[in-house]
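With chain A's structure known, arrange chains B, C and D on it following the hints.
Protein chains: 4
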Amino acid sequence: MTIQTAVLIETLTALGAEVRWCSCNIFSTQDHAAAAIASDSAAVFAWKGETLQEYWWCTERALDWGPTGGPDLIVDDGGDATLLIHEGVKAEEVYEKTRQLPDPSSTDNAEFQIVLTIIRDGLKADPKKYTRMKERLVGVSEETTTGVKRLYQMQANGTLLFPAINVNDSVTKSKFDNLYGCRHSLPDGLMRATDVMIAGKVAVVCGYGDVGKGCAAALKQAGARVIVTEIDPICALQALMEGLQVLTLEDVVSEADIFVTTTGNKDIIMVNHMRKMKNNAIVCNIGHFDNEIDMLGLENYPGVKRITIKPQTDRWVFPETNTGIIVLAEGRLMNLGCATGHPSFVMSCSFTNQVIAQLELWKEKATGKYEKKVYVLPKHLDEKVAALHLGKLGANLTKLTKDQADYISVPIEGPYKPPHYRY
Amino acid sequence: MTIQTAVLIETLTALGAEVRWCSCNIFSTQDHAAAAIASDSAAVFAWKGETLQEYWWCTERALDWGPTGGPDLIVDDGGDATLLIHEGVKAEEVYEKTRQLPDPSSTDNAEFQIVLTIIRDGLKADPKKYTRMKERLVGVSEETTTGVKRLYQMQANGTLLFPAINVNDSVTKSKFDNLYGCRHSLPDGLMRATDVMIAGKVAVVCGYGDVGKGCAAALKQAGARVIVTEIDPICALQALMEGLQVLTLEDVVSEADIFVTTTGNKDIIMVNHMRKMKNNAIVCNIGHFDNEIDMLGLENYPGVKRITIKPQTDRWVFPETNTGIIVLAEGRLMNLGCATGHPSFVMSCSFTNQVIAQLELWKEKATGKYEKKVYVLPKHLDEKVAALHLGKLGANLTKLTKDQADYISVPIEGPYKPPHYRY
Amino acid sequence: MTIQTAVLIETLTALGAEVRWCSCNIFSTQDHAAAAIASDSAAVFAWKGETLQEYWWCTERALDWGPTGGPDLIVDDGGDATLLIHEGVKAEEVYEKTRQLPDPSSTDNAEFQIVLTIIRDGLKADPKKYTRMKERLVGVSEETTTGVKRLYQMQANGTLLFPAINVNDSVTKSKFDNLYGCRHSLPDGLMRATDVMIAGKVAVVCGYGDVGKGCAAALKQAGARVIVTEIDPICALQALMEGLQVLTLEDVVSEADIFVTTTGNKDIIMVNHMRKMKNNAIVCNIGHFDNEIDMLGLENYPGVKRITIKPQTDRWVFPETNTGIIVLAEGRLMNLGCATGHPSFVMSCSFTNQVIAQLELWKEKATGKYEKKVYVLPKHLDEKVAALHLGKLGANLTKLTKDQADYISVPIEGPYKPPHYRY
Amino acid sequence: MTIQTAVLIETLTALGAEVRWCSCNIFSTQDHAAAAIASDSAAVFAWKGETLQEYWWCTERALDWGPTGGPDLIVDDGGDATLLIHEGVKAEEVYEKTRQLPDPSSTDNAEFQIVLTIIRDGLKADPKKYTRMKERLVGVSEETTTGVKRLYQMQANGTLLFPAINVNDSVTKSKFDNLYGCRHSLPDGLMRATDVMIAGKVAVVCGYGDVGKGCAAALKQAGARVIVTEIDPICALQALMEGLQVLTLEDVVSEADIFVTTTGNKDIIMVNHMRKMKNNAIVCNIGHFDNEIDMLGLENYPGVKRITIKPQTDRWVFPETNTGIIVLAEGRLMNLGCATGHPSFVMSCSFTNQVIAQLELWKEKATGKYEKKVYVLPKHLDEKVAALHLGKLGANLTKLTKDQADYISVPIEGPYKPPHYRY
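Residue numbers (the working numbering), protein chains in the order written: chain A, 42 to 464; chain B, 42 to 464; chain C, 42 to 464; chain D, 42 to 464.
Same shape as in the complex, but just chain A (with noise of 0.2 angstroms):
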């Protein structure tokens, strides 16, 4: 929920929609935009720095129209709302065949916890609270890595229960909000988080994807010696091609001086890492969950003290040799968490993907031609979205001849790159 996603809602509310609206991250809403977007457009279940027991809450509440409403489109940033549907109607499936409730306990994942707990409180005052909204639901456009990831495995199970738009791999959104948001964000919350000076730095960037990429251009261009960490030969070569050392964390850990993984993985930094960091090294997440960093093993390190710098900047100093490091977000999305995310004009390219991604499924509801499966926006909306942002910074695109475009097998108002093209 930031000042972009609130633009966003002002967007959806003017075509027509009624909107509730939570947030995908306990730390990225900046209250002025909930507050404003709440005063005229939309009901808002979100604050910065909630606890995830409210974070759960607030998903769930958002969700809630009454007893005879409920979404009919899901604009998801993450999955989670998709994430509550679906394990909603899985508990009042089993529910309904045999009166078991959903045990909290049966898993160690602590945020899972929370979401069981939601679902079985639920399940006791609706048990079909889910599968109505799931019989309404028109479909669900996402547009995070993670949250696509999660779709497709929906899809591979056969689980998924309504048409997803994967608004991820638009190449207006992953060539762009990933790699240009980053490479503007990632020094954006290191500068306000910590006001260290990026120039002479050694930095690490753990992968080397869109993301990876935007944040080890922005640490190489400010003047930082950046250092790879890469499990894929082709990323890694790109990294080395770039001037960029490619090693491993164990290589490099007690000689860097910032940290960021960017990896969609689990388990990059660990503890074992941070003990061996030097004094005040910076950790950071722009990837993904805050798993990226080992914030559980850090939490329970024996003898560790966590000192507040300032709200989500926190100095971790370990007993054995009375050396800290700083940890920016809780370990959580750091440009989300110390600044505020990307800039307008890259989140408008991806939104924009949202937006379309919602009327062609409004559009297309009644003609099935969207199946329960994840879905791809057609290039030449991809196209689209790019063109809508030439204007505001001055561009002046060439036209093809019709000799030209036949030459090349093109339609002259294309779209110009067969479907497997890169960019």
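Calculated from the structure, these hints are not laboratory results.
There may be inaccurate statements among the hints.
[What the hints assert, rightly or not] Here are the simulated lysine-lysine pairs, BS3-like style, with alpha carbons at most 27 angstroms apart:
hint	chain 1	residue 1	chain 2	residue 2
1	A	K319	B	K440
2	D	K190	C	K420
3	B	K458	A	K413
4	A	K131	A	K190
5	C	K413	D	K458
Just chains B, C and D now, with coordinates in the frame of chain A:
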């Protein structure tokens, strides 16, 4: 036929192949490399500075193993060998049915007239040559955007005569050779041909695909102010995000110092553009055929004078203004004509793809795995190409744990990305 | 009064000084830093958001040690403390001879009216205050271009009252703080104040000195297209060599998105420029006083409306067009007003120069080494500042052999460069 | 004797001079440029690939105008002509007093033995040649760091025989030719000599002065990982601020792929370093004389084998390991030996300084303005050189108002900066 191609030939020979070789470009043969190969590895039909007649004669000769032999596999670059065989077969089929010989005057295209002439002349001597050839052929692997486009057109038309592997769209080809290769070889060609100082100049890059991105990066880094022309709004927006201005050629034609075409299309810089350029503006092509630049229009411009500064560097003077422009490599690929092409490291990536493709075609020749279609290499082979090149650059890859691999749903040993991933 | 200044104060205190402190800028005091210092290290006369009256009251108060004391040394930044003393002494001399008090109405400059008022009011109470102060003063060290310029003018006019060390022109100040400091703090200030995406925007940097070079580099690296304005042909040629366009403000005023003044001069962006800017163009100053931007003209523009978005971020709307521009920090230094100034590492270089200068002045106070002139630090001290900062960044210096040192005629231990060397 | 030098000669000739010319480097003469000049503008004593004997013979011959003439002015580059005259005069003075001839065996330096031999042989024929020469000489202008260092030493020793203008330390020379010239010509030389892909390689730049800065920037931008060696802590800190690692040669000698010396000192890369390098590591010098690299040690290394790949590109194979390194231009300036030196635009800046210096010396020859000392050009002439080059790059300078000029205390028409300004 560069030094790198020579090593490819030596590699194929070492793997057991008997190789015959011709060039894909009338200017790109390095005679010392050709001589070395001719002396010990392969029959070579190429030299630097062929006429178009000689070029196609070479192509035809390279394919001729004598009465009892013929190629089993083709390693193609630009698709001219594949084209000749397809046109040859088509002509032989017509001839068999109708006794009609191909008529060179049936086309306006000067180069295609040569092709038809060669086929016609061969047809009289042996009316089944190309037919026998296509029957023997196990497949082709092709490495250029241009050649691949032709293959897909033949696949679409149902005229493709044997299986084809599209090596161009391996990530380790298109995102390396095209991008990093041109980032190296464009300034190399400019410097060798003209010694021009790039810093401070205004450079126009027509097209912002992988080749254009490499060229624009090289020119920007060398201190030029770079302006991009594009038809595709997505690529245009990428250029803008890198701080490059996006305008039409008309907007800047009389202001810029250096013009580079990278489009893969035709009719990009016309003689009417060239007339308006500043004195000694440099015009060159690194994208595709010489028809990116209107060489025909230039040559036929009334009163134009061509002054050859040195081979591949011509000054063309217009009679009205008595000012001239510098055209490199007669409008053909300037990095091959004016420098030595791409450097070995990146060509090794491309050629490793070629070798792997050739091995794959040969291994599967009897299994029916490959039909008369166009295939890209599977991602694990693409990743293997990258992995083979990391050691030379001192990289240490990170290994996934089992737990992490499960978490992101990939095998520990890869492949790590979904097919649509863009890198 | 940033965190870095606080550490400087603690350092001076630890070296034995008794410190009183005021700010050099009405917006730049970080209240938490001021509070920390006030509690244990020094008397502080500064807070964020002073009026000009309050600012000069603070300056006067900071200099007042009571009847028996007074400053022995001044650490100056911008030269206002030095100015006040010089103006005070001048007024006291006139008063002693003529009994004339200074007349604030004798000047049009609103700020100088305040200075004269403060001196006039003080003069009635104690007509010898500044005279006693200058007699006690051993010297001043000054770190800004602006302050140094005043000192050289006073030296040229023969009015300098005590020795001065020009810390600004230490290499480890001007080529670090001005260049690398601004490269960091300009985007920091822009992001914090406006969250604007820099990539894709057109930015005008007025002035290409060290500050301008840092700003232009930061903006270019962040993906802006940067246009430079310059009066000096050498600096202009440097900009061109980096691929930056050099134009006048008039050429681009209605096309650009971001305007930054870095000149150290006045009247750079006038209200007539601002009227022609695009809606929501951002205008800011990182060079010098707020008169780089015509704030007076803006404030007095008929019908103009000021909308404060948040402190230090104002939108000024012109009545004719109803479009507005965003002015940062009321035209004062935006990196101090909208962000936290330069980061610690580079300020450490600057302040190490200050401390070394203070130690030098104090050590030589009785030797007559320093006359009433302006001095720069000797090169071996400049090199020492750099050497003290290398360890933190993991650098290993190479040592000259005796033979090599003789060959290039420098001592093994330095200094290594002639005085005119430009770095 | 490059194309650019040829234009300088034509310019001097057009201004009325009679010119005789020799080279400053045994490899750098471009024979086509020399031939063109010899045919219509000046007597030329130079060819590509001289022996050292031939080189000094050429220098002596170029200075010999026959019995009645002699040079009035010298345009020097490296100071060898100036050296020969000073050594000649010294020898003639000794000879006049003592009848002792110079003894080549009095020195270990092979090149200086040649100088003494030439002087000795000339002395027998004409014992007053150099004395007459120095009496006629109005002055010299010198453009290299190395040549200037010698001039200042002679000034310090009181042995300078005529006025000298240090053109090297014009801003428009040292901050342009050295920096931007090398940024262009280092990769140019590497590419032409070796075709090596720079991206992904580890490059060591020895020295981070202007030349080193240009080289490091070029290598970094081309995708290399750059490590700098430095003796000067200030330059080292500058490298760090650009994200470059600062280490000693010993730290990285066995890890790097490309080594470049830029120091102006001797004994930078010794044979014991070269023995430890990776196979096919590239070693080159762009700083100064060939003694930056221990060519003598390499040539005399027991069992070493030299394999000439092509002129100026030698592979030296060590017997113990049978691995070899690639040495460019026999350790001499690789941009002159392997490419064509700096491009015209930047050489035009340097040579405009030379021409202005020559005009100044000649205009003031009778006024006594210039004594037997070393002078730099006044800043207004330095600014004039820059101003003359702006139009070609399309720049529009801003003009100061009278009010602004007064405010910063400079004349409206410049010069704009104090002498110590570093740019």
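So, going through the hints one by one against the coordinates:
A hinted pair counts as satisfied when its Cα atoms are at most 27 angstroms apart, and A:K319 with B:K440 qualifies at roughly 24 angstroms. Between the alpha carbons of D:K190 and C:K420 the distance comes to roughly 19 angstroms, so the proposed pair stays at or under 27 angstroms and holds. For the hint pairing B:K458 with A:K413, the CA-to-CA distance comes to about 23 angstroms; that is within 27 angstroms, so the pair holds. Of the pairs offered as hints, the one joining A:K131 and A:K190 holds, with about 19 angstroms between alpha carbons and a cut-off of 27 angstroms not exceeded.
Using a Cα cut-off of 27 angstroms, the hinted pair C:K413 and D:K458 holds, with the two alpha carbons roughly 23 angstroms apart.
Every hint from the earlier list agrees with this structure, and none is contradicted.
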